[in-house]
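Required output: the full structure, derived from the provided sequences and hints.
Protein sequences, first through last, are from chains D and P. Residues 2 to 153, numbered by the numbering used here, are exactly what the first sequence covers, in order. Residues 111 to 959, numbered by the numbering used here, are exactly what the second sequence covers, in order.
Derived by calculation from the structure, the hints in this document are not laboratory data. Any given hint could turn out to be false.
[To be verified] Heads up, simulated BS3-like pairs for lysine-lysine below, C-alpha to C-alpha not over 25 Å straight-line: (1) P:K690 / P:K796; (2) P:K902 / P:K932; (3) P:K466 / P:K113; (4) P:K847 / D:K107; (5) D:K69 / P:K932; (6) D:K80 / D:K5; (7) D:K107 / P:K796.
[Claimed, not checked] Here's a subset of chain D near chain P, in silico, CB distances under 10 Å, partners left out: (8) N13; (9) D16; (10) L18; (11) T97; (12) S99; (13) N100; (14) D122; (15) V127.
Beta carbons: idealized from backbone N, C-alpha and C, even for Gly.
Below, each chain spelled out in residue letters.
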Amino acid sequence: MNNKAILLVEDNPDDELLTLDALETNHVKNEVVVARNGVEALDYLFAEGSYAERDPNDLPAVVLLDLKLPKIDGLDVLKRIRSEALTRLLPVVVLTSSNEEQDLVKSYNLGANSYVRKPVDYDEFVQVAGQLGLYWLFLNQTPPDGTINGNL
Amino acid sequence: MDKAQVAFTKRFFLLWIPLILVTAGVAGLLYRDETDARLGLLMAGEVHELLLAEEIISHEFRILSGDIRILSSGTPLNHWLERPDDRLRAQVEYDFTSFSRERGVYDQIRLLDEHGRERIRVNWNNGAPAAVPESELQDKLARYYVTETMKLPEGAIYASPLDLNIEHKQIELPIKPMLRIGMPLFDHTHRLCGAIILNYLGQPLLDRLRSMRDEMGDHHWLLNSEGYWMAGPSADLEWGFMYPDRHNARIQLHYPNAWEEIHRRGGSGQFTNPNGLFTFKIIHTMVPGTHPASEHWILLSHIPADKLPNALSDNQSLFILAGIALLLMLTAMSGMFAYYGLLRERSDNEIRDTAKRYQSLLNSAPDAIIITDREGRIRLINEQAVAWFGYERRELIGQPIEVLVPPRFRDRHVLVRQAYMDQARLREMGKGLELFGTKKDGTEFPVEISLSPLHTQGEMLVTSIIRDISQRREMEKSKLQTENRYRNLLNNLPVGVYRSTPGENGRFLEVNQAMVKMFEAESAQDLMSRPLSSFHPNPEDRDAFSDILLDTGELHIVELPLISCKGREFFAAVTAVMRKNEQGGIYFDGLVENISERKQHEQRIHKLNEVLRSRTASLESTNQELAAFSYSVSHDLRTPLRAIDGFSHALLNQYAGQLDDKGKDRLQRIRNAAQRMSCLIDDLLKLSRITRTEVNRQTFNLAELARQSFEILQQGSPERIIRLSTPSELSADGDPKLMRVVLDNLIGNAWKFTSKRADAVIEVGMQAEQQDPPVYYARDNGAGFDMNYADKLFGAFQRLHDQNEFPGTGIGLATVQRIIHKHGGRIWAEGRVGEGATFYFTLNGKVHE
Chain D
2 MNNKAILLVE DNPDDELLTL DALETNHVKN EVVVARNGVE ALDYLFAEGS
52 YAERDPNDLP AVVLLDLKLP KIDGLDVLKR IRSEALTRLL PVVVLTSSNE
102 EQDLVKSYNL GANSYVRKPV DYDEFVQVAG QLGLYWLFLN QTPPDGTING
152 NL
Chain P
111 MDKAQVAFTK RFFLLWIPLI LVTAGVAGLL YRDETDARLG LLMAGEVHEL
161 LLAEEIISHE FRILSGDIRI LSSGTPLNHW LERPDDRLRA QVEYDFTSFS
211 RERGVYDQIR LLDEHGRERI RVNWNNGAPA AVPESELQDK LARYYVTETM
261 KLPEGAIYAS PLDLNIEHKQ IELPIKPMLR IGMPLFDHTH RLCGAIILNY
311 LGQPLLDRLR SMRDEMGDHH WLLNSEGYWM AGPSADLEWG FMYPDRHNAR
361 IQLHYPNAWE EIHRRGGSGQ FTNPNGLFTF KIIHTMVPGT HPASEHWILL
411 SHIPADKLPN ALSDNQSLFI LAGIALLLML TAMSGMFAYY GLLRERSDNE
461 IRDTAKRYQS LLNSAPDAII ITDREGRIRL INEQAVAWFG YERRELIGQP
511 IEVLVPPRFR DRHVLVRQAY MDQARLREMG KGLELFGTKK DGTEFPVEIS
561 LSPLHTQGEM LVTSIIRDIS QRREMEKSKL QTENRYRNLL NNLPVGVYRS
611 TPGENGRFLE VNQAMVKMFE AESAQDLMSR PLSSFHPNPE DRDAFSDILL
661 DTGELHIVEL PLISCKGREF FAAVTAVMRK NEQGGIYFDG LVENISERKQ
711 HEQRIHKLNE VLRSRTASLE STNQELAAFS YSVSHDLRTP LRAIDGFSHA
761 LLNQYAGQLD DKGKDRLQRI RNAAQRMSCL IDDLLKLSRI TRTEVNRQTF
811 NLAELARQSF EILQQGSPER IIRLSTPSEL SADGDPKLMR VVLDNLIGNA
861 WKFTSKRADA VIEVGMQAEQ QDPPVYYARD NGAGFDMNYA DKLFGAFQRL
911 HDQNEFPGTG IGLATVQRII HKHGGRIWAE GRVGEGATFY FTLNGKVHE
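Okay, here's the thing in structure tokens:
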């Protein structure tokens, strides 16, 4: 069991609530940090702005990233994550309503680890959340911390 | 090898080869006859020789037989036998000695008593025969020939085999072939009282046999009945039975075949075998009266096989020598004949060639040539003349030339001709009047004639060369017609054609009717009288045009404004080239087309294009907006739906206790509606995405796509029993990605509408008839539809079935139709309620708007 936090980047409070519910339904006990726009997400990850006192090395287990976000959109957030040594290898799952091909292609091109479309049917959504939790928190083996920090 | 050498070689061999073949054939036949005759002679000779040899032997033995009888019947002997006394004995001894000397062939002559003791013996003593003293006489009873003789009846003669004499148990050397002849003696009471024995020396007989065929070598052999040679091929092969180490010296061991053949034939005969030619004769009774019959001998002559051809070798070399001589002679003869034949042929050919060349020169002349004599009679006429005048050659030879002149000129022609003869000189062609010839059928044709006198061996002839000029006349006429035609063509052309001079004072030199009309001139002359500068509203246009034309030599479709004679401005397209006349003067040839109308059209098209461009731009921006809209719909419209569904779910789960069944039902309906709207949005987006997709054509297997679609459906509901029927290969030309969407929809529909059938079959294929473009179809045996609503099938959100029965959004077929239309294809459906539906589509054809 991975005890690290999950960073949920989601501007819509309804979706935020549904996601949290779905994770809870699947007994995911990890702390879920919610960022409501791109700026907030980056602040959290790089310990800037309102998160300035945070330890930047304490990275979340996974980032669940919506694409359509105010201020800085999801793809830009992903680009930034992949360009910084600290977060270069951080698992990022794009979790969005869109199934436009261009979004899919762009996300993978920018280095998304996974692309999941949020289903409208809540039962399916719960299933998806469960599978995400199971995979990224239990099954997935992250690289050793040293590598994430780029101190090879 | 040059041509003459080839001709010579050919001639030479044509003579030489048959000669050689015939000679060789005759020589071969002669040679063969000669050989046969020689062989025949040889064989007959051998037979004759043997007969002779036999005769010699028989004769010798007849004498032997006679000798012993004479000796035994001598009176002193008989008296001495009756009353032996010394006087009689001496007489007998004397008789025997004389006899021995006289005959010279007896080594010993013996008289034995009845006990086999010698009473008298006369030894030959190498030519000095003498009686042996009584004291030296021996007892000879032990000798086989004595015993054998004593056994004989009265009158019989004994002959021993011919063998070698043995003295003191050794073969006497030099060898002494010996034959012993004995005869018993009886007294008057017929009591045996002794015997006479003669030792006959065989060597002289054998020598005689040997000497018979000196020239052929020692071929005559004498063999005894056991096959031992007594006279044979060599001394060491003779008398084999006498020597213990010579038992192999027998003919059957050396010539077994010959030996067998002799015994098979018996008597006498002649045969050849691989060893050569054998001639033999078996001689039975050698001594008449011999008893019992003495051994038989075999006289044999043998000519070895290798000596048979040898017999002819002299002739062979003669033949070869004669052959070579003949060959050389024939070769020389052939060469000579070929050479002289060739010389003669060449000179003949030269004469013939000259004649032929002359004839062909006459005949190949393009003109008719007629040679006439002083009286105007035709002497010679060439092919051309014969052909033109239509007569046979023999009809004209000897006729007066006037037969070829039209009747109305004939009388005058005779006079003119006679005048010419008196003052004959060369008259060239084309001088003087127009002349006519007349054909056999009476038609006349224009001619030109040249005359030249020809002086030969005291006679004057005239050569007329006649040229048919009707073709030239025709050509002149047709040239005029052609010129008229081109002038007409030029004047009828709807474009202006002109020729003009360059420079400041340039004018038109030639103009066609179109020019006159275009420039609104009174006439062509009017137009040509005006300076070119008066037609240009902008003098700089004209200068530029002229400069470029002088510089580059030609101009293509230059558009410029011009002014007509009446001052009306119009737009013209001018094409012109620069030309130089023979004097080096420059002029321009050109085409002018009034393009005012076209100019107006162009301006309108230009304006329309502007409009089109702005419309396209706005359409593009609309498209972009639509894309942005779709994107937004995709993202934003679904988010609230998820909230509706999610929270309804939360209510149903977390507040179930506070809701009655009706409340729960309503909440469930909210959820269903939200999910259905999500499906609608997805389908709409798909449809709009397809609208924006470019068709990327390639050849692909439609059947394979159908199978993929089908498999996914089958994986989704493995419990359904349904069959897909499709050929393994169904080649199609289109965008496989889009066609996959089409098949997903069509097969998906078929799948859906056959759900109530137990024997569901989906069929994807191509119509059998060769059609262009090919018609594909997807068929099912499901619920089908009412053909009255067929036109509504492809409208977005149009559904023909109850949502409860067969759920769906009604966008699938609209999407399918859009994809087919994007391919430039057509789609239509056939069906009946309860009997299934078939969707036909094509992928090529006119692009559908």
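Going through the hints against the structure:
no., hint, in the structure
1, P:K690 / P:K796, "73 Å, violated"
2, P:K902 / P:K932, "20 Å, holds"
3, P:K466 / P:K113, "21 Å, holds"
4, P:K847 / D:K107, "20 Å, holds"
5, D:K69 / P:K932, "32 Å, violated"
6, D:K80 / D:K5, "23 Å, holds"
7, D:K107 / P:K796, "19 Å, holds"
8, N13, "6 Å, holds"
9, D16, "6 Å, holds"
10, L18, "8 Å, holds"
11, T97, "7 Å, holds"
12, S99, "5 Å, holds"
13, N100, "6 Å, holds"
14, D122, "5 Å, holds"
15, V127, "8 Å, holds"
Of the numbered hints listed earlier, those contradicted by the structure are 1, 5.
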